[in-house]
Amino acid sequence: MSRIVVDGRTIPYESGDSVAMAVLRAGEHPHHGGALCLAGDCPNCVCEVDGIAYVRTCQTPAKPGLVVRRHPEVGAPEIREPAQPNVARSPAAAHIEVRRIETDVVVIGAGESGRIAEAEAVAAGRAVTVLDSADGNEVVAIYGGPTVIVRRPDAMVHYNANEVVVATGAAEIQPVCPGNTLIGIVTARAADQMHTAGVDLGVAVAVGTPPQTAPCMAVPGSLVRIVEADGKLSAVVVSHDGNETTTPCDTLIVGLGFAPRDVLSRMAAPHLPVRTVGQAAERFALPPCPTAGIVCPCSKIGVDDLDGVWDRGFRELELVKRASLTGTGTCQGSVCVPHLRAFIAERSGAIPEPFTARPATRQITLAEAAADVHTDVFRRSPLHDEHLALGAQLDRFGGWWRPWNYGDHVAEYWAVREAVSLGDVSTLGKLVLSGPDVVELLERLYPTTVADIKPGRSRYVLLLNERGHLIDDGMICRETDSKFVLTFTSGGAANAEMWVRDWIETWGLRVHVLDQTMSLAAINVTGPLAGELLQRVGLADQPSFLHHVHATVAGVACHVMRLSFTGEASFELHHPADRSAELWRALMASGRDLGVKPHGLQALFGLRLEKGHVIVGMDSEMDSTPRRLNMDWAVKMDKPDFLGRSALARTADLPDERRLFGFTVEGAAPTEGSPIFSDGAIVGHVASSFTSPLLGHGIMLGWLKHTPWPEQVQIDGRTATVARPPFYDPEGLRARA
Amino acid sequence: MLALETLHGTRIVAAPEALDALDAATWSTSVTVLRFAPDDVFVLGAETISISGEYAIVEAESGFVGCWLTDEQLAHVAEHIDWPLPVERPVLVQGFVAGVPAKIWLTSSATGERSLLLCAAPYACELTERLA
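Line order of the protein sequences matches chains A and B.
So that you can map any letter, position 589 of the first sequence is 589 in my numbering, and since no number is skipped, the others follow by simple counting.
So that you can map any letter, position 93 of the second sequence is 93 in my numbering, and since no number is skipped, the others follow by simple counting.
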């Protein structure tokens, strides 16, 4: 005879036994007491099986060597440590296969009503899939689609169906009375199963509808309480015609009626083609209102707990559920909902409908829940491999893998300031706009004057929302009278695209939009020798500051934009993504004797900080206005209208204590995020910081949020001086050179 | 492992009615017209395209990568899609494939055509690795 291991002891089982039946055959209870249904409805047989907690052992076939551990009587089961814990790495995830199957009709339940539904569908010429837990198909959820989620021993299966029929039958009502958590109570169906399996029930007494086959003595009357002796039941007390009688027994069999097993039906959204048939659709009579005992065996919620919740004013089913946690446990209300409804019905005079069910109906493991779910995807620039070949340390920024540095961010910094450097800015948002109303659109969208931008010219712009808060920034490049190229920040590009499209639609303007963010790559050639490098690779007629041209560079067609984020002369070369590596290599090769180096974000963030350029989302906050950012110069309030104008006009004269300032400090720059103190009180925080190799001290951008704004503050225990950026080349001569 | 190659074509953004005409035109079998949106089309294999509308945006497009699929490969890709594939053919579908934004041009293998899996080039490596 094969054996399973229960709490370290071996227990034999017979062919066809579930784990629960094997335990019962051994004269034990799989849990610590409570009525057993042996149908997967109640929580009273759940155990840890082979390391998985909350497994319904009545639904788990016994197998040789299966290791079963009872959950503690009070509290949650122990969380197991990995065999070889390594805090630096997550343990390898269990691989759970996910199969997706298209089908016409899914019938859940292979009982009588399920077979009828199947036959009807087949007769109608439809393809039918019948799912039943007895066949290893445990349905745990119905999602929109409808998609039926099935847990199988070997995989999770998603059935996409045209129609779903829920034919899951009915669950037996469990007893609620004093003593209902004792060992020795079974439902009528469970008693029949045990009898068929040859499990000795001892002296069995039936209350309510007796079992069909299990031998027992039927006792008329209603259940009053169950009497304990030595930790298990010894007798049952029933009331009949006003008299209470006590009947000694080893097993109490209860046949107290049924409740629809409709949790899947209650999970499916009303508009879905999901119908419920048979007993699962039946409106059974509720049990009597419970007066004492445990109502919710999962969470050990008693009638007195429900009374307390009711007395505190929670009167609706959903509220009683939330306030008491009744129905939120292992069985998801299968046991307690009928009693809970009866409890509320007696007090309110109206029978409440059962609450909406949520996935999953059964405990599934995290691995099963996460099966085939992917982490967010981070995009790779067309220069990804070039960066790796150059020793870049990559990190995730704005939805992209980007070079943080190439091993020495200070050397990269000096290459920009003194020679020439390449930066991969392929990640910038890039929109092409064309149409008869494009100027009208941009005038409404941006706080900058757009109509006066001539073809071939560009302008830095802020993007504000209706409240006048900064949501992004970038460049406007005018191509023709009716065609523009807009750029946005890497992290803000997707939202900006939606923003632009939404407003075009809202305003009904005739403008076409092409998003080229992922079609075009871009390389920023920056530094005092940038012009010379570009001359070498064929860019003879170079655009002046805030101009842009289309030209061939190293044989690659480029849209060349002259601007500056680093503070040095800069040329952004926008070009087809598939030619990017070729262009990058040509620039690196041609600039070798000029000291060309690539630079990563670490150097770039410092370079732009020296110039005082703001990074949206890093230096700005959700409610940063141009005034708070000292960027009023980028807003033309004399324009008749633009998004955010009304809010800016309304708040222009209001006192505002928030302001972004520059700060300098001797020595290394404090950590970004450091609190800023004045007279011992926190008055703001550091948004960006950098230890400037050129200036030889720390510089910062940070927020002061209390007036009067001090001239000196304390950061990181040191005195810092409030300053007005830029910290470098305030006249902007180098960028225009 | 699927080999995703750069798809060279033409991207056109124009009035939907102008693209309807493009869609309805008779093309040689080497041309594939992928209607990304009512106002957005990606044309593969056409040497010249004429489009009405002076404000149409017409750009050479090389920002997508793709792979023409055998039936077996399509079935493999379908295992990584958690939304139902439509029955009609040919049709362009768009959504997550293995958690990566992608598109599939579904054709009927009965006519000897092959389906095309494509995605924006920055997603290529991740999609390839996840489908491996």
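Some hints could be false.
[As the list claims (entries may be wrong)] When the alpha-carbon atoms are kept at most 20 Å apart in a straight line, the in silico EDC-like pairs for lysine to aspartate or glutamate are as follows:
{"hint": "1", "chain 1": "B", "residue 1": "K103", "chain 2": "B", "residue 2": "E129"}
{"hint": "2", "chain 1": "A", "residue 1": "K705", "chain 2": "A", "residue 2": "D656"}
{"hint": "3", "chain 1": "A", "residue 1": "K639", "chain 2": "A", "residue 2": "D437"}
{"hint": "4", "chain 1": "A", "residue 1": "K63", "chain 2": "A", "residue 2": "D7"}
{"hint": "5", "chain 1": "A", "residue 1": "K232", "chain 2": "A", "residue 2": "E14"}
{"hint": "6", "chain 1": "A", "residue 1": "K636", "chain 2": "A", "residue 2": "D452"}
{"hint": "7", "chain 1": "A", "residue 1": "K483", "chain 2": "B", "residue 2": "D40"}
{"hint": "8", "chain 1": "B", "residue 1": "K103", "chain 2": "B", "residue 2": "E88"}
{"hint": "9", "chain 1": "A", "residue 1": "K232", "chain 2": "A", "residue 2": "E282"}
{"hint": "10", "chain 1": "A", "residue 1": "K483", "chain 2": "B", "residue 2": "E88"}
{"hint": "11", "chain 1": "B", "residue 1": "K103", "chain 2": "A", "residue 2": "D376"}
{"hint": "12", "chain 1": "B", "residue 1": "K103", "chain 2": "A", "residue 2": "D372"}
{"hint": "13", "chain 1": "A", "residue 1": "K63", "chain 2": "A", "residue 2": "E112"}
{"hint": "14", "chain 1": "A", "residue 1": "K232", "chain 2": "A", "residue 2": "E28"}
{"hint": "15", "chain 1": "A", "residue 1": "K483", "chain 2": "B", "residue 2": "D39"}
{"hint": "16", "chain 1": "A", "residue 1": "K483", "chain 2": "B", "residue 2": "E54"}
None of these hints come from the bench; they were simulated from the model.
Outcome of the hint check:
1. B:K103 - B:E129: Answer holds: B:K103 to B:E129 is near 17 Å, not above 20 Å.
2. A:K705 - A:D656: Distance ~9 Å between A:K705 and A:D656 Cα, so the pair holds.
3. A:K639 - A:D437: The given pair, whose Cα atoms are some 17 Å apart, holds under the 20 Å limit.
4. A:K63 - A:D7: holds, 16 Å
5. A:K232 - A:E14: Violated, at about 25 Å.
6. A:K636 - A:D452: holds, 13 Å
7. A:K483 - B:D40: holds, 17 Å
8. B:K103 - B:E88: holds, 16 Å
9. A:K232 - A:E282: Distance ~35 Å between A:K232 and A:E282 Cα, so the pair is violated.
10. A:K483 - B:E88: Violated: A:K483 and B:E88 sit about 38 Å apart, past 20 Å.
11. B:K103 - A:D376: Distance ~18 Å between B:K103 and A:D376 Cα, so the pair holds.
12. B:K103 - A:D372: Measuring from Cα to Cα gives roughly 19 Å; hence the hint holds.
13. A:K63 - A:E112: violated, 29 Å
14. A:K232 - A:E28: holds, 11 Å
15. A:K483 - B:D39: holds, 17 Å
16. A:K483 - B:E54: Roughly 11 Å separates the two Cα atoms, so the pair holds.
Violated hints, listed in ascending order, are 5, 9, 10 and 13; each of the other numbered hints is respected by the structure.
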